[in-house]
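There are 2 protein chains.
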Amino acid sequence: MSRFLTHLECSKTGETYDAGTLHNVSEAGYPLFARYDLESIKNSVDKSVFKERNPIMWRYRELLPVNDMKYCISLGEGFTPLRKVDTLGGKLGISNLFIKDESLNPTGSFKARGISAAISAALERGAREFAMPSAGNAAGALAAYAADAGVSAHVFMPKDTPLAFKLECEYYGAEMELIDGLITDCGQIIQKRKEKEGWYEISTLKEPYRLEGKKTMGFELAEQFEWELPDVVIYPTGGGTGLIGMWKAFDEMEKLGWIGSKRPRMVSVQTEGCAPIVKAFNNNMKTAEPWQNASTVVSGLRVPSAIGDFLILEALYESEGTAVAVSDEELIDYSKVMAAHTGIFPAPEGGATLAALMKLKEKQWIKDDEKIVLFNTGSGFKYMEALNRNTKTVNAAKA
Amino acid sequence: MSRFLTHLECSKTGETYDAGTLHNVSEAGYPLFARYDLESIKNSVDKSVFKERNPIMWRYRELLPVNDMKYCISLGEGFTPLRKVDTLGGKLGISNLFIKDESLNPTGSFKARGISAAISAALERGAREFAMPSAGNAAGALAAYAADAGVSAHVFMPKDTPLAFKLECEYYGAEMELIDGLITDCGQIIQKRKEKEGWYEISTLKEPYRLEGKKTMGFELAEQFEWELPDVVIYPTGGGTGLIGMWKAFDEMEKLGWIGSKRPRMVSVQTEGCAPIVKAFNNNMKTAEPWQNASTVVSGLRVPSAIGDFLILEALYESEGTAVAVSDEELIDYSKVMAAHTGIFPAPEGGATLAALMKLKEKQWIKDDEKIVLFNTGSGFKYMEALNRNTKTVNAAKA
Chain V
1 MSRFLTHLEC
11 SKTGETYDAG
21 TLHNVSEAGY
31 PLFARYDLES
41 IKNSVDKSVF
51 KERNPIMWRY
61 RELLPVNDMK
71 YCISLGEGFT
81 PLRKVDTLGG
91 KLGISNLFIK
101 DESLNPTGSF
111 KARGISAAIS
121 AALERGAREF
131 AMPSAGNAAG
141 ALAAYAADAG
151 VSAHVFMPKD
161 TPLAFKLECE
171 YYGAEMELID
181 GLITDCGQII
191 QKRKEKEGWY
201 EISTLKEPYR
211 LEGKKTMGFE
221 LAEQFEWELP
231 DVVIYPTGGG
241 TGLIGMWKAF
251 DEMEKLGWIG
261 SKRPRMVSVQ
271 TEGCAPIVKA
281 FNNNMKTAEP
291 WQNASTVVSG
301 LRVPSAIGDF
311 LILEALYESE
321 GTAVAVSDEE
331 LIDYSKVMAA
341 HTGIFPAPEG
351 GATLAALMKL
361 KEKQWIKDDE
371 KIVLFNTGSG
381 FKYMEALNRN
391 TKTVNAAKA
Chain L
1 MSRFLTHLEC
11 SKTGETYDAG
21 TLHNVSEAGY
31 PLFARYDLES
41 IKNSVDKSVF
51 KERNPIMWRY
61 RELLPVNDMK
71 YCISLGEGFT
81 PLRKVDTLGG
91 KLGISNLFIK
101 DESLNPTGSF
111 KARGISAAIS
121 AALERGAREF
131 AMPSAGNAAG
141 ALAAYAADAG
151 VSAHVFMPKD
161 TPLAFKLECE
171 YYGAEMELID
181 GLITDCGQII
191 QKRKEKEGWY
201 EISTLKEPYR
211 LEGKKTMGFE
221 LAEQFEWELP
231 DVVIYPTGGG
241 TGLIGMWKAF
251 DEMEKLGWIG
261 SKRPRMVSVQ
271 TEGCAPIVKA
281 FNNNMKTAEP
291 WQNASTVVSG
301 LRVPSAIGDF
311 LILEALYESE
321 GTAVAVSDEE
331 LIDYSKVMAA
341 HTGIFPAPEG
351 GATLAALMKL
361 KEKQWIKDDE
371 KIVLFNTGSG
381 FKYMEALNRN
391 TKTVNAAKA
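Quick note, the sequences are listed as chains V and L, same order. Last residue of the first sequence? That's 399 in full-length UniProt numbering, and every number before it is there in order. Last residue of the second sequence? That's 399 in full-length UniProt numbering, and every number before it is there in order.
In short, the hints are calculated from the structure, not lab data. Heads up, a few of these hints could be off.
Which copy? The list can't say, so a pair holds if one copy fits it or any two copies do.
[What the hints assert, rightly or not] The calculated DSSO-like cross-link candidates involving lysine-lysine, where the alpha carbons are at most 27 Å apart (straight line), are: (1) 84 to 51; (2) 359 to 279; (3) 196 to 367; (4) 192 to 361; (5) 70 to 371; (6) 84 to 363; (7) 12 to 194; (8) 51 to 70; (9) 70 to 91; (10) 84 to 70; (11) 70 to 47; (12) 84 to 262; (13) 194 to 91; (14) 255 to 359; (15) 47 to 91; (16) 286 to 359; (17) 262 to 42; (18) 12 to 192.
Predicted, not measured: the structure shown is a model, and the values here were computed from it.
From just these sequences and the hints, can you work out the full model?
This is the structure we're talking about:
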């Protein structure tokens with residue numbers, strides 16, 4: 001383990017676990033959080049050191065769960081551009097609009113961060129065979145990192161997952177099974193088989209370290225904004241690991257003295273066809289009910305039930321944020337608007353954040369001069385089936 | 001113009017031109033090279049400064065053709081990972097194998113570099129409407145950078161260009177025409193129409209600055225190898241701008257005292273269905289004859305005639321390099337091998353470099369402990385039609 005990582009802690013009960021061995025969820029069935037000796041980090045690392053390190057997420061290695069860097073599997077993930085998009089902002093009348101462009105990660109999505117952290121940490125703790133259910137991007141990332149590590153990946157995806165994800169997994173040499181169901185069904189199959197097969201499951205939030213990789217998005221927001229966080233973060237929310245991770249990162253950075261107490265208002269974006277977090281937020285609930293008959297063209301947002309629901313909702317409430325549902329049509333249209341005025345060909349999840357921004361602007365929930373960050377979590381090239389649907393409406397949809 | 005850019009120079013005749021106005025080729029019809037006051041740069045910039053700058057190609061801005069950075073259109077291009085790929089190297093018995101992974105550029109290819117430099121320089125010199133023939137990736141890049149700049153892009157591509165390129169151009173809002181012919185036919189259409197339409201043509205090597213963007217790959221090789229160049233660079237060669245650009249960068253860096261006189265042996269890789277440079281090299285020619293009936297699944301290598309042919313060949317001869325043709329089948333097979341042991345899902349052009357490496361190893365043209373760099377110039381996600389052909393042979397093709 002990292003020389004600063006002290007233990008794991010149940011995110012619900014606070015019960016602690018040894019960080020030096022492999023874990024999935026806590027005994028109570030909740031996600032485990034990695035905890036560090038922040039006081040020692042504070043005394044030994046100044047935040048000015050990062051800009052001299054490689055532009056990847058491992059520049060924050062003291063706050064990541066690997067000790068011996070020979071176990072670190074890195075394909076160049078993280079430190080993605082935080083772009084001020086003035087041409088788009090000008091069209092919309094928003095003067096401080098930014099996009100964190102996660103499509104420039106290896107395997108074309110933000111999933112690379114979580115997998116890089118989780119597979120490296122698991123290798124250091126002895127795992128050699130990995131299994132995961134996925135809506136697409138996470139499977140591609142696991143298969144890629146396993147390929148470079150020279151270990152086995154078993155991925156389970158819904159059979160209607162876009163071609164790009166299947167093809168990359170095949171190229172990376174993963175064992176792939178396509179399931180007639182949703183990501184939650186894929187997860188249940190792994191549950192049944194993993195013990196007998198000797199697989200270590202790295203479903204998100206069902207092991208402690210994908211969260212640690214994703215939290216680096218929060219460190220980067222701080223570093224790239226010169227250690228003062230923006231006003232609003234608009235984030236497409238499937239499993240929500242990135243949002244939970246950033247919220248954890250903000251807390252760690254404040255304890256380290258890197259940032260003050262200011263937090264962005266966190267916004268979860270989902271689709272109308274699968275919006276469990278939005279429904280729970282609107283009803284002021286602490287957890288979300290599983291969504292029935294989830295249906296959306298956006299595979300990354302087709303997550304009917306997230307194990308970290310209570311953590312997502314906590315971050316929304318504590319930050320005075322909100323949750324917004326957009327339709328498939330809106331998010332495809334706004335993917336086009338984003339592309340046509342920024343040069344980013346976004347994943348539809350990225351387009352969804354712009355659609356949500358428009359709703360929030362209309363409601364005057366945001367002010368026009370606030371610093372707003374949209375997360376484009378992946379590349380449109382992996383979603384050609386979804387994005388090729390309505391291309392005739394490009395011009396009509398332009399802002 | 002950059003405060004250090006002094007003039008343009010015909011790459012064949014040495015005739016000079018004003019760098020402050022828009023140009024295409026020289027009066028003699030050859031590419032123009034940007035020339036800088038290297039002595040002044042040497043006196044005012046130490047190479048240790050770069051590591052403190054943003055991890056994009058504009059960190060070398062003193063050697064790029066923009067003065068007022070308000071004209072700089074950047075989507076986060078450059079400073080891509082140079083990965084030591086030990087799992088793949090171990091399979092092949094090559095101990096110092098590296099891949100420069102250009103797929104992590106905006107728009108998923110190395111073309112972003114050239115377009116970022118060319119469009120920024122042209123905007124500073126007054127151009128507002130752009131036209132280009134392309135086999136795919138360059139069109140996508142032009143369309144993206146024009147979208148962010150808020151200016152017009154007119155792209156002409158062969159009608160059988162893969163879907164990803166067409167779709168991104170449509171999303172970016174470019175004017176797109178699909179031509180029943182090759183990239184050279186597209187170029188002729190632009191020639192006929194550009195004056196009347198008021199387009200500035202930014203075909204590669206037919207304006208001076210795409211080369212300047214591409215040369216940053218050479219700067220990065222030097223910086224990432226701690227200012228000592230590798231032994232061999234294996235580069236997929238269509239128009240050859242990157243190879244010519246790196247060769248120019250090496251010369252500039254030596255004059256600046258950043259590197260010594262050591263040069264890598266430069267290797268051009270083409271496909272058997274379109275190998276004009278390989279044929280010319282094997283016949284010890286100074287220029288290449290146009291290739292008849294060019295045919296390959298790799299759109300970026302289907303360039304029957306390159307305006308910079310003599311510059312490519314010069315670099316190959318001067319570096320004691322070579323040129324290698326591989327078949328479409330070999331390059332798809334080795335794309336799989338690269339993916340399965342590195343986690344990079346390469347463009348087929350990237351796979352071609354590995355296929356070429358295998359031939360060079362067999363001939364003992366390379367030694368097993370030499371530092372060898374393969375260029376993966378783009379992302380496989382943009383070539384799904386080509387890469388989806390023979391997926392059944394994945395296992396058989398593994399090294």
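Consistency of the hints with the structure:
Taking the shortest alpha-carbon separations for residue 84 and residue 51, both the intra-copy value of 20 Å and the inter-copy value of 22 Å come in at or below 27 Å. With identical chains, the CA atoms of residue 359 and residue 279 are at most 27 Å apart within one copy only, with a shortest distance of 16 Å there and 60 Å across copies. In this homomeric assembly, residue 196 and residue 367 never come within 27 Å of each other (Cα to Cα): the closest approach is 55 Å inside a single copy and 45 Å across copies. When the C-alpha separation of residue 192 and residue 361 is checked against a cutoff of 27 Å, the pair qualifies neither within a copy, at 46 Å, nor between copies, at 47 Å.
In the homo-oligomer, the alpha carbons of residue 70 and residue 371 lie at most 27 Å apart only across protomers (21 Å), although the nearest pairing inside one protomer, at 39 Å, exceeds that limit. When the C-alpha separation of residue 84 and residue 363 is checked against a cutoff of 27 Å, the pair qualifies only within one copy, where the shortest distance is 23 Å, while the shortest distance between copies is 51 Å. In this assembly of identical chains, residue 12 and residue 194 lie within 27 Å of each other by CA distance solely inside one copy; the values are 25 Å within and 65 Å between copies. Both within a single protomer and between protomers do residue 51 and residue 70 lie at most 27 Å apart by alpha-carbon distance, with minima of 22 Å and 24 Å respectively.
Taking the closest pair of Cα atoms, residue 70 and residue 91 come within 27 Å of each other only across two copies (19 Å); inside a single copy the shortest separation is 48 Å, beyond that limit. Taking the shortest Cα distances, residue 84 and residue 70 sit within 27 Å of each other only across copies (13 Å), while inside one copy they are farther apart (36 Å). Taking the shortest Cα distances, residue 70 and residue 47 sit within 27 Å of each other inside one copy (24 Å), while across copies they are farther apart (29 Å). Taking the shortest alpha-carbon separations for residue 84 and residue 262, only the intra-copy value of 21 Å comes in at or below 27 Å, while the best inter-copy value is 40 Å.
Taking identical chains as interchangeable, the C-alpha atoms of residue 194 and residue 91 are never at most 27 Å apart, the minima being 51 Å within one chain and 29 Å between chains. Taking identical chains as interchangeable, the C-alpha atoms of residue 255 and residue 359 are never at most 27 Å apart, the minima being 34 Å within one chain and 56 Å between chains. In this assembly of identical chains, residue 47 and residue 91 lie within 27 Å of each other by CA distance neither inside one copy nor across copies; the values are 36 Å within and 40 Å between. Taking identical chains as interchangeable, the C-alpha atoms of residue 286 and residue 359 lie at most 27 Å apart only when both belong to the same chain, with a minimum of 24 Å there against 62 Å between chains.
Proximity of residue 262 and residue 42 under a CA criterion of 27 Å is satisfied intra-copy only: 19 Å inside one chain copy versus 44 Å between copies. Taking the shortest Cα distances, residue 12 and residue 192 sit within 27 Å of each other inside one copy (25 Å), while across copies they are farther apart (69 Å).
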